[in-house]
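Chemist: Chain by chain, the residues:
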Amino acid sequence: MSPPGQHARAVLSARGLVKIYEMGEVAVTALSGVDLDLYEGELVVLLGASGSGKSTLLNILGGLDAATSGDVRYREHDLTLADDEHMTRYRREHVGFVFQFYNLIPSLTTRENVALATDIADDPMSPEEALALVDLGDRMDHFPSELSGGEQQRVAIARAIAKRPDLLLCDEPTGALDYLTGRVVLSALARINRELGATTAIITHNAPIARMADRVIHLSGGRIRAIDENPDKLAPTEISW
Amino acid sequence: MSALATKLRRDLGRMVGQGLTIALVVACGIASYVTLQSAYASLLAARDDYYASCRFADVFAHVKRAPESLAARIADIPGVALAETRLVEPVMLPVEGLSEPATGRLVSLPRSGEPRLNALVLREGRALDASRPDEVLVLESFAEAHHLEPGARLPVVMNGVLRSLQVVGVVLSPEYVMAVGGGAGQEFAPDALHFAVLFMGRDAMAPAFDLAGAFDDVTLRLEPGASERDVRAQLDALVAPYGGVGSVGRSRQPSAFFVDNELSQLDSYATVAPMLFLGVAAFLVNVVLSRLVHLQRPQIATLKALGYGRARIGAHFLELVGAIAALGCVAGVALGAWLGRGTLGMYAPYFRFPSLAYRLDARIAAAGVLVSLASAALGALGVVARVVRLPPAEAMQPEAPPTYEPSLLERLGVARLLSTEGRMVLRELTRRPLRFFFSVAGIACGVGVVVVGGFTFDAFDVILDLEFESAERHDVAVSFTRPVPASSLRTLAAMPGVLAVEPLRVVPVRLRSGHRFHETALVGHPAGAELRRVVEWPWHVAPVPDDGLMLTDMLADKLGLTVGDSVTLEVLEGDRRTRTAQVTALSREVFGMMAHMELGALHRLVGEEPVVSTALLRTDPADEAGVDARLKRLPAVASVGKRRQVIAQFERQTAETMRITALVLTLFGCAIALAIVYNNARIALSVRGRDLATLRVLGFTRGEISAVLLGELATHVLVAVPPGLLVGRALSGFMMANVDAELYRMPVIISGATYAFGACVTLLAAMGSALLVRGKLGELDLVGALKARE
Ligand SMILES: Nc1ncnc2c1ncn2[C@@H]1O[C@H](COP(=O)(O)OP(=O)(O)OP(=O)(O)O)[C@@H](O)[C@H]1O
Ligand SMILES: [Mg+2]
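For the protein sequence lines, the chains are A and B, in the order given.
Sequential numbering from 1 applies to the first sequence in the numbering used here.
Sequential numbering from 1001 applies to the second sequence in the numbering used here.
For reference, chain A alone in the conformation it holds in the complex:
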């Protein structure tokens, strides 16, 4: 496994990640030995069948969950043994999440949902600025229930990027969206990856989407089966699925 460009360096590296869910007598192994590096500024796509462990991996990388064994390092920081306080700081300072079901706070408006992130960040952009980046400058004072699915997902993206995260982790960001809307959302992600230089990982079920990535990581049965480099990546608008 070699870095995609000569100048890039690993921002996040995982070694020997294992995740086992104990459910009474049965134990489900979600990850069984994953080694992975994410490089500065790259956009990776994680592909894999349902149950292959994509979400589990992303959650561990993003500090939402802890591995059963294995190491995760973010730059100089060892996340493996970090306690809740350190994990919280890591998420707050470095990670932006985008979820399949948007996870907006229904009682807060668009602007306030974004402010939720900027309130606790060190050097955030303003909510207005973040919303402008996803072309939602005109829907600031609407509640989530007044927005379409695609709009809600763009609010979630604005919320994730407003803190200028180093890592942008997206778990099936288009999973609940139709094709056209999905393309709008992906365009927004690609643009932010380009303009802010945030290392971006996107989980998807749709193989064609992988064509917008620098690298494509294939998971199955809790292992990385293959990593493809994609020297001529496309803009989301050029892709169809």
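FYI, nobody ran anything at the bench for these hints, they're computed from the structure.
We put the beta carbon where it would ideally sit given N, CA and C, even for glycine.
Take the hints with a grain of salt, since some may be wrong.
To be verified - Simulated restraints, written as ranges between beta carbons of each label pair:
no.	chain 1	residue 1	chain 2	residue 2	range
1	B	Gly-1703	A	Ala-235	55 to 61 angstroms
2	A	Glu-93	B	Ala-1005	20 to 26 angstroms
3	A	Gly-24	B	Met-1767	42 to 48 angstroms
4	B	Gly-1778	A	Arg-225	53 to 59 angstroms
5	A	Leu-234	B	Glu-1394	43 to 49 angstroms
6	A	Ala-226	B	Glu-1394	54 to 60 angstroms
7	A	Met-140	B	Ile-1660	51 to 57 angstroms
8	B	Arg-1009	A	Gly-24	37 to 43 angstroms
9	A	Arg-225	B	Gly-1703	55 to 61 angstroms
10	B	Ala-1005	A	Leu-234	39 to 45 angstroms
Stated by the list, open to error - Which residues of chain B face chain A? A few of them, derived with a C-beta cut under 10 angstroms, are:
no.	residue
11	Ala-1003
12	Leu-1004
13	Thr-1006
14	Leu-1266
15	Asp-1267
16	Gln-1296
17	Lys-1304
18	Gly-1309
19	Gly-1382
20	Ala-1385
21	Arg-1386
22	Val-1388
23	Gly-1422
Position chain B with the ligands against the provided structure of chain A, taking the given hints into account.
Modeler: Here is chain B with the ligands on its own, set in the frame of chain A:
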């Protein structure tokens, strides 16, 4: 405002009804605490100020007759700062308007008019004029009860001789804050009517009791740090040869004892009542917050993903609870201050302090607020801990569907008897047995509180019934200025309009057994008496034994006596000789400390001719005015009392207080029931919204789905009512257990009507709140409920 604060505000906005009802229960809790505690503290302060400013004595001792020279030796006892001798003698006052003459004390004042201990507060009129021997000062409670003003004349039997004394002033005494003397046995509300304390110049009083150059009572002020026990031991030894009956410290001085007793009663209510409400509040907070947190699982996970820390998120939910509790606190303190002032006002007629100002100590309010916040926090704690521990990755996933199991009842085959709706209700109840239990317990508390409110009325009715319907059945009581020969009753019997006459002989006595003693009235009843009977709880006429004494069981307890024992009896009039009598029966009367004898036996014991002090008459209602007029014209009649007036007086004194108390308790009880049912309903609606919408989509009518929802609520309430009635009974018993038996004994009987009232009021409150929520069933979003994930 931060976005999280905005969320808090909006969340609160969406649960206004739930927030308000919880705040209401918190408010009731803190209000009950502040009410009782502030009234308690105000009374305590008034008491302490009064005792200090009036130089209330530390030790009290009564003797038969001691030479004044003994005073110096008493003053020399180490630890005694001040000793003051005086005369205190029992008197009888055959005042107009009473069936039995009032009894009381005549207390001497030194020539200066100003005692060095137990100073009087002059409320009306003037001090005594040393040159006029027939002047007295009267205790305010008695003066008020009889509308006595300076200038009035008062018939007083002093040492068996009727004198007419002139009231020149109305006073308060720290020794009679509560007018209890252990005199007539009437120690409940009518006390003020039956118990008099008069103050007279010592020079004028001594000859009447043959006590010139002597004293029969001494009060001491102790030096700071002196041992009361040591001083009393030496004092008792000094006065024993002069008929000393054992000194008492301030804590056992009758008035101080009753005041302290009332105060500690208040104090104990002030602990129990808030606990009840705050327990319910904690439960409600727990239930409502659990539900909220359940609904907000994904939101909590999102906040965590965004980098909000555990403390911040925990605080967010605590703030929510805090805001609700704070609202309750503000309302509760305000309500408590208002009710506290009212409660203090209720005590004013019973506790005669020169000034009784309401003060709400900030510390009491603060303690109430703290306890309320703590109880809310207690309810929230478990839930918030769950929030804090919630693993963010897991919370992203929708929660697994709740697991249902066939309940025990179902396995027993009960379900086959139920409709589908019934089965849904049953499963919902058995799925969360603990919550069901607490909900039922909470509603039961509500029912109980309403029942306690009704109980005070029931008890009042019982007392009225026992005392004035079953025990006292005359229309008019005629008291004589001195005991008259029994034969003179024939004149009365012959009088037109008089249907029946019965004699009554009342002798003031001091009963003594070992070192214990009690002053009371010994009442002589004629055999087969119809107009004045001894009635025990529950409604049983206790026959007065042909021979020997019948004591109320409480008096027997106090003296440590039982049937068959002998008791020493000092007659406090006439020759004042000491006799011995045997206790041959005990009675269980509501009012405590009486002694009864058969009339003939009483005459034999005292060694007197057949005489009567009071004649009880049954009169022709058509000729009331005529009988009145004829009675007034009789010689030797001191007073003519109408039973009806006494009842009216009693009702006036008591009914208002009871009505207010019962109203407050009923409202408080309803608040609990309402809050629990409303919150149960809201939560049921939230939990079951999808199910109910699904049923609607399947074609169930609104009525049918309301049956599912309301059936669940109704089950809680119906299950809660029977234990609630028991809770009410237990709480009433607790209230009565806190009343000193010497005061009165209130049987814990609760009428069917009160139980029914408690049950109905709670059911109505429950139905009201259920209907509020039922309206929301119309708003069920059928499409939305089906597609939205939890
Ligand atoms: N909280 C959990 N408890 C038990 N097992 C879990 C839990 N979360 C995930 N799993 C199991 O771990 C495995 C990997 O799950 P994961 O959610 O990572 O899959 P995924 O690749 O994201 O699938 P999908 O594409 O359906 O989202 C699955 O078998 C899943 O059942
Ligand atoms: Mg997944």
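Chemist: The structure should be examined with respect to each hint, and the outcome stated for every one.
Modeler: Hint check:
Between Gly-1703/B and Ala-235/A the beta carbons are some 58 angstroms apart, a value that agrees with the proposed interval 55 to 61 angstroms. In this structure the hint that Glu-93/A and Ala-1005/B lie 20 to 26 angstroms apart at CB holds, the actual value being about 22 angstroms. For Gly-24/A and Met-1767/B, the hinted distance range of 42 to 48 angstroms is satisfied, since their beta carbons lie about 44 angstroms from each other. About 55 angstroms separates the C-beta atoms of Gly-1778/B and Arg-225/A, a value consistent with the hinted range of 53 to 59 angstroms.
A beta carbon spacing of about 36 angstroms between Leu-234/A and Glu-1394/B contradicts the range 43 to 49 angstroms that was offered as a hint. Range check, Ala-226/A to Glu-1394/B: Cβ separation about 29 angstroms, and the 54 to 60 angstroms hint is violated. A C-beta distance of roughly 56 angstroms is found between Met-140/A and Ile-1660/B, which places it inside the suggested range of 51 to 57 angstroms. Checked against the given bound of 37 to 43 angstroms, the beta carbons of Arg-1009/B and Gly-24/A, roughly 42 angstroms apart, stay inside it.
Restraint check, Arg-225/A to Gly-1703/B: a C-beta distance of roughly 59 angstroms satisfies the suggested window 55 to 61 angstroms. Between Ala-1005/B and Leu-234/A the beta carbon distance is about 44 angstroms. The supplied range of 39 to 45 angstroms therefore holds. Annotation: interface hint on Ala-1003/B holds; nearest CB of chain A at approximately 4 angstroms, less than 10 angstroms. The closest approach between the C-beta of Leu-1004/B and any C-beta of chain A is roughly 7 angstroms, which is under the 10 angstroms cut-off, so the hint is satisfied.
Checking Thr-1006/B against chain A: minimum C-beta separation of about 5 angstroms stays under 10 angstroms; hint holds. For Leu-1266/B, the interface hint is violated, the least distance from its beta-carbon to any beta-carbon of chain A being 46 angstroms, above 10 angstroms. For Asp-1267/B, the interface hint is violated, since its Cβ never comes within 10 angstroms of a Cβ in chain A; the closest pair sits about 45 angstroms apart. Hint status for Gln-1296/B relative to chain A: holds, with the closest Cβ pair at about 9 angstroms, below 10 angstroms.
Against a cut-off of 10 angstroms between C-beta atoms, the interface hint on Lys-1304/B holds, since the closest Cβ of chain A lies about 7 angstroms away. For Gly-1309/B, the suggested interface contact is upheld, since its CB lies about 4 angstroms from the closest CB of chain A, less than 10 angstroms. The interface hint given for Gly-1382/B is violated, since its Cβ lies 19 angstroms from the closest Cβ of chain A, which is over the 10 angstroms cut-off. Evaluation of the Ala-1385/B hint against chain A yields a violated restraint, the C-beta minimum of about 14 angstroms exceeding 10 angstroms.
Annotation: Arg-1386/B was flagged as interfacial toward chain A, and the flag is violated, the nearest CB pair being 15 angstroms apart, outside 10 angstroms. Taking 10 angstroms as the C-beta cut-off, the interface hint given for Val-1388/B holds, the closest approach to chain A being about 9 angstroms. At a threshold of 10 angstroms, the smallest CB-CB gap from Gly-1422/B to chain A is about 33 angstroms, leaving the interface hint violated.
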